[in-house]
Amino acid sequence: MSSLLSGQLLVAALATGGLYALVAVGLNLVYGTMRLLNVAHGEFVMVGAYVAFLLFSTWQIGPPWSLLAAFAVATALGLAAYRGLFHRLLERNQRVEANSLLLFFAVSVILQNVVALTFSANERAYRHLDGIVTFGDVSVTESRLLALVVSLAVCLAVALALRYAAVGQAIRAVLQNRDAAALVGVNVVQVQRLCFAFGVGAAGMAGALISLTQGISPFMGFPFTIAAFVVVILGGLGNLTGSLVGGLLLGFLETYGIALTAASYRSILLYGVFVGVLILLPRGLFGRRAARR
Amino acid sequence: MTVLLSMELVAAGYGDAEVLREVSLSVREGSITALLGANGAGKTTVMRVLAGMLPPRNGIVRFAGNDVAGVAAWDRVAAGLALVPEGRQVFADFTIEENLRIGGCRRPAAKRTARLDEIYALFPRLLERRRQLAGSLSGGEQQMLALGRGLMSEPRLLLLDEPTLGLAPAMAAAVFDLIRRIREAGTTILIAEQDVRTTLQTADHAFVIENGRNVLAGPAAALLDDAAVRESYLGM
Ligand SMILES: Nc1ncnc2c1ncn2[C@@H]1O[C@H](COP(=O)(O)OP(=O)(O)OP(=O)(O)O)[C@@H](O)[C@H]1O
Ligand SMILES: [Mg+2]
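Protein chains in written order, with our numbering: chain Z, 1 to 293; chain P, 1 to 236.
Since the hints were derived computationally from the structure, they do not count as laboratory data.
Check before you lean on any hint, since a few could be wrong.
As the list claims (entries may be wrong) - Residues on chain P that point at chain Z, a partial pick, calculated with CB under 10 Å:
hint, residue
1, E98
2, G103
3, R149
What the hints assert, rightly or not - Derived contacts from chain P toward chain Z, CB cut-off under 10 Å, selection only:
hint, residue
4, A51
5, M53
6, V68
7, G70
8, A73
9, D75
10, V77
11, A78
12, F91
13, M152
14, R156
Here a beta-carbon is modelled for each residue, glycine too, at the ideal position from N, C-alpha and C.
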């Protein structure tokens with residue numbers, strides 16, 4: 001039991017949770033402001049991971065540049081998809097959720113297969129920032145520490161911007177009531193485009209961080225899509241602070257769950273939490289009411 | 001007086017539902033103009049078209065002399081056209097003050113703060129509760145907040161869609177009082193209302209629509225005396 005109280009496990013849980021939160025915040029922003037169900041969200045994580053992998057294996061470029069590049073590439077891809085597919089869907093404004101699900105599913109399959117064709121379906125990995133940092137009795141690899149610090153810092157910055165910046169207020173207004181936001185003068189389309197770009201960009205950045213700590217493959221995205229949906233449902237649709245808390249919570253559940261069982265239980269834990277949350281807490285931990293239009 | 005807003009032969013609807021077939025109206029600068037009609041006549045639809053929330057299928061909307069087709073709702077706010085929508089639509093998770101401030105999001109920051117004081121002077125109750133979440137306000141308080149939020153943009157023209165819906169008579173009377181004061185302060189008003197009598201007593205001019213078409217129009221006082229209006233809308 002004493003191992004469960006170790007700082008080691010705590011840091012691992014925080015790192016996993018921070019990454020989940022970072023991925024989920026993007027998904028929630030996209031759903032909350034546009035009602036788009038991005039089931040390709042994990043594929044943007046995967047794209048970011050490949051960007052970081054290629055930069056390092058070709059030119060030995062690592063963080064911070066690889067993180068920014070992953071963000072930029074995922075954002076560019078996302079904006080292209082927005083312009084080509086989703087902007088029209090939003091303008092027509094009919095069956096947005098169902099249609100977006102199908103469109104994103106197509107995007108997901110296309111991204112997986114393009115990456116698999118270009119770089120093969122084999123798992124890839126690289127070694128960078130694998131030195132060990134020790135504080136007291138906690139030893140942690142530099143890469144894991146970086147993932148923890150960067151993901152929590154970005155999440156904190158998002159929370160502060162939403163609370164205090166003018167653009168954050170505009171986003172929160174759109175999250176609460178899109179029509180009312182337009183009627184007070186918020187440029188809703190601009191807010192939506194920004195949230196889309198940032199949402200998938202954050203997923204890409206998370207992918208770059210993940211590539212430092214584990215092997216990557218064209219099909220690595222799906223568990224992150226599922227994790228992000230679990231977090232968003234846990235924290236509440238449209239509730240971004242909820243996603244931060246939910247992300248950390250899922251990181252703890254997974255890390256301590258594995259510590260109590262075995263690594264092979266990871267998927268069972270993840271999907272188990274998914275089903276459990278949907279059945280027991282369909283409105284999330286803090287769900288006062290369902291997100292409204 | 002010059003015409004500030006006009007809508008000419010507008011048709012509009014949702015999907016297959018054709019709601020407005022041919023509606024025309026004009027609002028003179030400095031006036032209070034009423035838009036009347038039974039439930040489902042299309043008053044809210046007119047308001048949505050004017051505010052830029054629903055593109056018309058036909059016809060022209062002009063504001064301050066310009067055709068505003070293709071001007072997004074948020075840019076109409078910046079141009080001086082604000083709608084206080086039916087059902088209040090306040091931001092429930094924002095405080096009163098956040099709701100008011102975002103109402104002025106298209107104004108320079110300095111003007112917004114000055115305007116906030118004016119709004120609080122108009123609605124002392126909102127000042128008392130400025131840190132309270134809007135979702136926890138009573139219906140009447142939310143209506144005050146929605147009005148205040150609309151006024152924060154310092155509109156030239158304020159569109160009010162049923163501002164007294166669901167309010168107790170005393171509260172409704174207070175809202176009409178306020179509408180007169182807003183006009184005296186220089187804001188033109190177009191109001192859609194259920195309370196036909198009080199609306200006609202407050203307004204200068206009125207338009208009545210039915211099934212998406214104009215049926216009556218004229219000075220409010222004349223409509224108040226009109227036998228057809230008395231029978232269909234005042235039940236006398
Ligand atoms: N989003 C919508 N989709 C389909 N039909 C709609 C929609 N909104 C309104 N309608 C229909 O359009 C017609 C006019 O509605 P509108 O809300 O403009 O009437 P109104 O005059 O404001 O009525 P009320 O006095 O009840 O507010 C109604 O028959 C209504 O059913
Ligand atoms: Mg109405």
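Hints breached by this structure: 6, 7 and 14
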